[in-house]
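Q: Sequence:
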Amino acid sequence: RSFRTRSDSSNPNFSSVKQGKTAIVMASCCLMMDRYEAADRYLEKASQLSDDPLIGYIQLKVDLAQDGKNAHLLLKRLMEHPSASFDLQMIALMLLVDRGRYMDVIQAR
Numbered sequence: 286r287s288f289r290t291r292s293d294s295s296n297p298n299f300s301s302v303k304q305g306k307t308a309i310v311m312a313s314c315c316l317m318m319d320r321y322e323a324a325d326r327y328l329e330k331a332s333q334l335s336d337d338p339l340i341g342y343i344q345l346k347v348d349l350a351q352d353g354k355n356a357h358l359l360l361k362r363l364m365e366h367p368s369a370s371f372d373l374q375m376i377a378l379m380l381l382v383d384r385g386r387y388m389d390v391i392q393a394r
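One gets this note's numbering by counting positions in the sequence shown from 1 and adding 285 to each.
Be aware that one or more of the hints could be misleading.
Computed Cβ-Cβ distance ranges for the label pairs, DEER-style [said to hold, decoys possible]: (1) Asn355 to Thr307: 21 to 27 Å; (2) Asp372 to Lys306: 16 to 22 Å; (3) Gln351 to Ser300: 30 to 36 Å; (4) Gly385 to Ser301: 35 to 41 Å; (5) Ser301 to Lys354: 28 to 34 Å; (6) Gly385 to Val302: 35 to 41 Å; (7) Met375 to Ser300: 30 to 36 Å; (8) Asp336 to Asp372: 15 to 21 Å.
It should be emphasised that the hints constitute simulated quantities derived from the structure, not laboratory data.
Beta carbons are placed, not taken as given, at the ideal position from N, Cα and C, and that holds for glycine.
Produce the complete structure using the sequences and hints provided.
A: Next up, the structure:
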């Protein structure tokens, strides 16, 4: 007999939710190992499975680690995301300030 949790039986999308969270974790790991292309692939997969605002934050970090060309667009998306907490938005803004990209973002507005 297989083991099934209550979550498995009550939520038919449990596996896709779990896959989305796993893809977010894998993208974070790739970012820490400077494997940006792999991080982008995991983030693409995560965005197909989930609408978690953390995906946008990690996309911003990957972009800044590479060239920062999309920082303004990614920050704007994160700020406008309906599920993004104020704390996550401020962390993203401070990330840009720390990276010296804040003035670029302000000037692009």
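Q: Measuring from beta carbon to beta carbon, are Asp336 and Asp372 in 15 to 21 Å?
A: holds, 18 Å
Q: Do the Cβ positions of Ser301 and Lys354 conform to the proposed distance bound of 28 to 34 Å?
A: 31 Å Cβ-Cβ, so the 28 to 34 Å window holds.
Q: I want to verify a distance hint. Is the separation of the beta carbons of Gly385 and Val302 within 35 to 41 Å?
A: holds, 37 Å
Q: Starting from the hint 21 to 27 Å, judge whether the C-beta atoms of Asn355 and Thr307 obey it.
A: Holds - the Cβ-Cβ distance for Asn355 and Thr307, about 25 Å, lies within 21 to 27 Å.
Q: Measuring from beta carbon to beta carbon, are Asp372 and Lys306 in 16 to 22 Å?
A: holds, 19 Å
Q: Looking only at beta-carbon atoms, does the pair Met375, Ser300 fall within the given range of 30 to 36 Å?
A: holds, 33 Å
Q: Do the beta carbons of Gln351 and Ser300 sit within 30 to 36 Å of each other?
A: With Cβ atoms ~32 Å apart, the hint holds.
Q: Is 35 to 41 Å respected by the C-beta to C-beta distance linking Gly385 and Ser301?
A: holds, 38 Å
This entry satisfies every hint, going by the numbered hints stated previously.
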